[in-house]
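Novice: Those protein sequence lines, which keep their order, are chains X and G.
Numbering follows numbering that gives the first Met the number 0, with no gaps: position 19 of the first sequence is 18.
Numbering follows numbering that gives the first Met the number 0, with no gaps: position 8 of the second sequence is 7.
Only pairs whose alpha carbons sit at most 27 Å apart, straight line, appear in this in silico DSS-like list of lysine-lysine:
no., chain 1, residue 1, chain 2, residue 2
1, X, Lys-161, G, Lys-111
2, X, Lys-164, X, Lys-31
3, X, Lys-164, G, Lys-111
4, X, Lys-31, X, Lys-2
5, G, Lys-111, G, Lys-68
6, X, Lys-111, X, Lys-68
Derived by calculation from the structure, the hints in this document are not laboratory data.
Note that the coordinates shown come from a computational prediction; the quantities given were computed from them, not determined experimentally.
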Amino acid sequence: MGKVIVVTSGKGGVGKTTSTAALGAALAQTGKRVVLIDFDVGLRNLDLVMGAERRVVFDLVNVTQGAAKLSQALIRDKRIETLFLLPASQTRDKDALTEEGVANVIRPLKEKFDYVLCDSPAGIERGAQLAMRFADDAVIVTNPEVSSVRDSDRIIGLLDSKTVKAERGERVNKHVLVTRYDLARAARGEMLTIDDVLEILSTPLLGIIPESQGVLRASNVGSPVTLAEPSNPAARAYIEAARRLEGEEVPMQIPTDKRGFLDRLLGRRAA
Amino acid sequence: MTSAARIRKDRAAPVQKKSIRFPARSFLAFALSPEAPLDEWLKALDGWTENSPGFFAGRPVVLDLAELKPEPETIRSLVDLLGERGIRVYAIEGVAAEQLTPDMPPLLTGAKPGAIDVSTVEPADEAPVPPEEPAALTTLLVNQPVRSGQSIFHPKGDVIVMGSVGSGSEIMAGGSVHVYGALRGRVFAGATGDGNARIFCLKNEAELLAIDGWYRTAEDMDQSSRGGPVQVFLDNGVIWVTPL
Numbered sequence: 000m001g002k003v004i005v006v007t008s009g010k011g012g013v014g015k016t017t018s019t020a021a022l023g024a025a026l027a028q029t030g031k032r033v034v035l036i037d038f039d040v041g042l043r044n045l046d047l048v049m050g051a052e053r054r055v056v057f058d059l060v061n062v063t064q065g066a067a068k069l070s071q072a073l074i075r076d077k078r079i080e081t082l083f084l085l086p087a088s089q090t091r092d093k094d095a096l097t098e099e100g101v102a103n104v105i106r107p108l109k110e111k112f113d114y115v116l117c118d119s120p121a122g123i124e125r126g127a128q129l130a131m132r133f134a135d136d137a138v139i140v141t142n143p144e145v146s147s148v149r150d151s152d153r154i155i156g157l158l159d160s161k162t163v164k165a166e167r168g169e170r171v172n173k174h175v176l177v178t179r180y181d182l183a184r185a186a187r188g189e190m191l192t193i194d195d196v197l198e199i200l201s202t203p204l205l206g207i208i209p210e211s212q213g214v215l216r217a218s219n220v221g222s223p224v225t226l227a228e229p230s231n232p233a234a235r236a237y238i239e240a241a242r243r244l245e246g247e248e249v250p251m252q253i254p255t256d257k258r259g260f261l262d263r264l265l266g267r268r269a270a
Numbered sequence: 000m001t002s003a004a005r006i007r008k009d010r011a012a013p014v015q016k017k018s019i020r021f022p023a024r025s026f027l028a029f030a031l032s033p034e035a036p037l038d039e040w041l042k043a044l045d046g047w048t049e050n051s052p053g054f055f056a057g058r059p060v061v062l063d064l065a066e067l068k069p070e071p072e073t074i075r076s077l078v079d080l081l082g083e084r085g086i087r088v089y090a091i092e093g094v095a096a097e098q099l100t101p102d103m104p105p106l107l108t109g110a111k112p113g114a115i116d117v118s119t120v121e122p123a124d125e126a127p128v129p130p131e132e133p134a135a136l137t138t139l140l141v142n143q144p145v146r147s148g149q150s151i152f153h154p155k156g157d158v159i160v161m162g163s164v165g166s167g168s169e170i171m172a173g174g175s176v177h178v179y180g181a182l183r184g185r186v187f188a189g190a191t192g193d194g195n196a197r198i199f200c201l202k203n204e205a206e207l208l209a210i211d212g213w214y215r216t217a218e219d220m221d222q223s224s225r226g227g228p229v230q231v232f233l234d235n236g237v238i239w240v241t242p243l
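Let the hints inform the model, and build the full structure from the sequences given.
Specialist: See the structure below:
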């Protein structure tokens, strides 16, 4: 039986889709069977980030409404054979999804895959609630700034009340993933520190992903950053976070601006 | 600077502004759930009130239309028919908000079932009041942080939170509120009219603190009372926020 993990945040633009792709690719590279589901119906992005946008025939809404079979809609990644994508519809919107339809999609996927990663849309309404409804675990993506942290706190509250697991009296395992972390700005007090974020959210930390220009470069070429630039500090942090998701104990490192002597001399900036 | 302005500037103690109070009221209402066919139900109701005349006079009655699912015109005529029988409908539940027009009783959501001992109810000679539930004081213990957007309502006693209270959340208690963590949200203690209720927290970052309807917002709190453990109490219409 696979694990359903929802990647959510509340706030928009903090890195849910990037993280879903990066974590999914990192998990699949260790040999696990992984499927990524884009729940952002109407504003789909996961297919772009995965480089599959030219191969989309059927989507999540087609499958939930019975117009297509799951096997017809799933797109296999060209680079990793155990990684699959179920894209969202671009022409419909979130009202096209029903709870029963989503349940009928997640159930067979849970049986066939080790990890089912659900890329949640932003917000707290129907789309986000359906994405988290059947989750076993949750990765709450947070930027170290006040509005993102407050929205993440709201989403954590919803994870504890609106999921099937919560209604049964069990707990969804929650992890905070801090993204776009800039050590210099945190030191200057412009950004919240990791301690501030964890103190407000009271949830275990999965990883700290530093701000990196490699993320944009990777999504421009349609590849998760862990595949496109695996030695990039953000990619390395995602790979460590994926290992922690699998249960491995990996010591947390606050990413530093690792600039070599020559780089400093010649004024070059790290990735 | 005029002398009046100088006096204002010299005032050291924070002054409680003349603010609007929000005391809470709770009461038990009877719920009538009409079933189809409607005239048979009305006949049965008439039979019942014949045995206990004036029973409904002065009692709050809520109309539960979830079973009947009527048209808007039927709702209006039903309210009128009940009015002719001396039954004033306070609120309607079980219908969509769009079906009720401003001239009809308001929509009620979230009402919980209550216990009314009908056998001890006196027929209406004096104005009878439905017997209140016995005041069993209980303490609500919340063993995890209160997340942003969550709302805790516990009119029957104290609330204790073993954790922080997130920004944008609310706690309303009939008694006192104790937060063993950072308080970043809003707290209404003594919400059912108890001016002796107090609020305690380990780190005051509250957005609003209120006791028995008197409130103080974060803006009106002295900087010295922010960020550390505080106790909040009501004295003579003034909310005091004092370091513990």
